[in-house]
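If you're matching positions, the sequence shown starts at 354 in the working numbering and goes up one per residue.
Simulated from the structure, these hints should not be mistaken for laboratory data.
Among the clues, some could well be false.
[As the list claims (entries may be wrong)] Simulated pairs of lysine-lysine, DSS-like, Cα-Cα distance not exceeding 25 angstroms: (1) 508 with 494; (2) 711 with 494; (3) 724 with 711; (4) 571 with 494; (5) 711 with 670; (6) 567 with 670.
This structure is a prediction, so every number in the text was calculated from the model and none was measured.
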Amino acid sequence: MSFRIRHKKCDEGRPSCGECIRARKVCQGYIHPPDRRTRAGRMGQRTVVIWGPKEATSDGRSSARSSRPLTLLVEGTQVDLSPTERWYFNLFRQSTSTQCAGYSEDPFWQRLVHQVAAAQPAVRHATVAMSALHWRFVQGKGVQNDTFALRQCNKAISELRNQILARDQSSPLHTEAVLVTCIVLVALALLQGDAHAVDCHLRAGYALLNEWLKTSPKSAAVPLLVQTFAQLHLHWASFTNLKGYMGDNYETLPRMLTDSFTRFAGPVDDRRKGSMSLALRGWMLILKNSHVLAFDTISQLDDETRFPTVDNLRRWKNELRGFTMLHGPSMSQRDSSGLLLLNFWAEFIPIMITVASKALPLHRQQMEYDKFLPNFRRVLQLGELFMKSFTSSPAPVFSIKTGIISTFFMCGIKCRDPAVRQNVLRVLRTYERREGIWKSSQAARILQRVFEIESQGVRPGDVIPASARINMMKLDLLPDESKIHLQYHRFRDSELPKDASDGTWDEEWLSF
354 MSFRIRHKKC
364 DEGRPSCGEC
374 IRARKVCQGY
384 IHPPDRRTRA
394 GRMGQRTVVI
404 WGPKEATSDG
414 RSSARSSRPL
424 TLLVEGTQVD
434 LSPTERWYFN
444 LFRQSTSTQC
454 AGYSEDPFWQ
464 RLVHQVAAAQ
474 PAVRHATVAM
484 SALHWRFVQG
494 KGVQNDTFAL
504 RQCNKAISEL
514 RNQILARDQS
524 SPLHTEAVLV
534 TCIVLVALAL
544 LQGDAHAVDC
554 HLRAGYALLN
564 EWLKTSPKSA
574 AVPLLVQTFA
584 QLHLHWASFT
594 NLKGYMGDNY
604 ETLPRMLTDS
614 FTRFAGPVDD
624 RRKGSMSLAL
634 RGWMLILKNS
644 HVLAFDTISQ
654 LDDETRFPTV
664 DNLRRWKNEL
674 RGFTMLHGPS
684 MSQRDSSGLL
694 LLNFWAEFIP
704 IMITVASKAL
714 PLHRQQMEYD
724 KFLPNFRRVL
734 QLGELFMKSF
744 TSSPAPVFSI
754 KTGIISTFFM
764 CGIKCRDPAV
774 RQNVLRVLRT
784 YERREGIWKS
794 SQAARILQRV
804 FEIESQGVRP
814 GDVIPASARI
824 NMMKLDLLPD
834 ESKIHLQYHR
844 FRDSELPKDA
854 SDGTWDEEWL
864 SF
């Protein structure tokens, strides 16, 4: 038996206990006897010190790795979890959930998930997988193909299937738990770059959410679930042409957002409801025109949507400016950062919508962005100001939501000014972070190659010609995140394109 079991104090710091090594025993440290003067001591509860996660090895055994200790109380909700799962579950509670919330307060990740996870095994295993990916990212490892996280995903799906078969599916609480599990699984699929899983979970989640709203419109979880689905939708739209990808379900979410806006939003004078109102209206504006922000298609607005979109955008920016002047000075740091992020988007989105609203020939559209150089500089300035706004606490580095990476990436693609492009690269390399499917170092590597492709044969100081400018890209990431398959499209000088199918596609592999 080890010295811990014999209540003998080890003579050195774990894991280098000399007595245990000489006795050829596994050093387990020692425990403090419970203080009988406290209620916890009288009830027989003990505080357990977890020194790090026990990660499964290739042969199925577990090996302990020392890390910063976390002091945890073993709870009844964690009885079905192994020590390794329990460590990651508490890591999710203490750190990962706050990281997932992103740059502003989020009741879904910081409250609702914890409540549902306490009662639902499916959510518990899904959150364990989430914190396992978070831990790997913090340790500087890739988050794809992590065997422990994949096993936890399989457990979550298995528990969810059993739950659906065993319980009354008409129960509102049952449906709410399924929707929460679906959201966490979508987040996991985004982090792992699994497009097929994202598609399956989003389609099923949208359909279930739409039916659930008909039976439980007054549930307190309605605004949280609708907004979280909107954020996932917005994030996926930042990486792909979601309108064609989601099919008929694309129109479902803006309609649900509109219903949520009419019920839960308020005037700009009310800080809490006013901020929700501005966020919801911004999401609706972006979601209805998400194809404009995609880089795998030509961005153009038809005559039917051009003028309403530009007018709604102008009004939204004016109200956001007024709200910032009224409530900005009295906000907390986290709320101020969230408001600054809204202003960051509000500076960039008009560039894309304005260019898309002009009836320009396809081969000339990319040249139009040169007129917005002051706006691109302002976007870059706001982005750096936003990253420096986290003074009392560090900025999140492992978020599920759309943040700054996709916007900086689009700025680097659309703005051909060398100074702006180099500053975009500097910001992405300085502030290493993960935002769902986006990773700052990968975005910087792709941008660097795009700059090299477009600058070939162009002398310093000259304007990049239209024939050299990339107007569409497609990206495929290998499972181990070691390479990216880059496909890019350009119009040649001799071509007079009639649609996006004209032009030339080239491809290459980028290594990391």
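Here's how the hints hold up against the structure:
| no. | hint | in the structure |
| --- | --- | --- |
| 1 | 508 with 494 | holds, 23 angstroms |
| 2 | 711 with 494 | violated, 44 angstroms |
| 3 | 724 with 711 | holds, 13 angstroms |
| 4 | 571 with 494 | violated, 43 angstroms |
| 5 | 711 with 670 | holds, 20 angstroms |
| 6 | 567 with 670 | violated, 33 angstroms |
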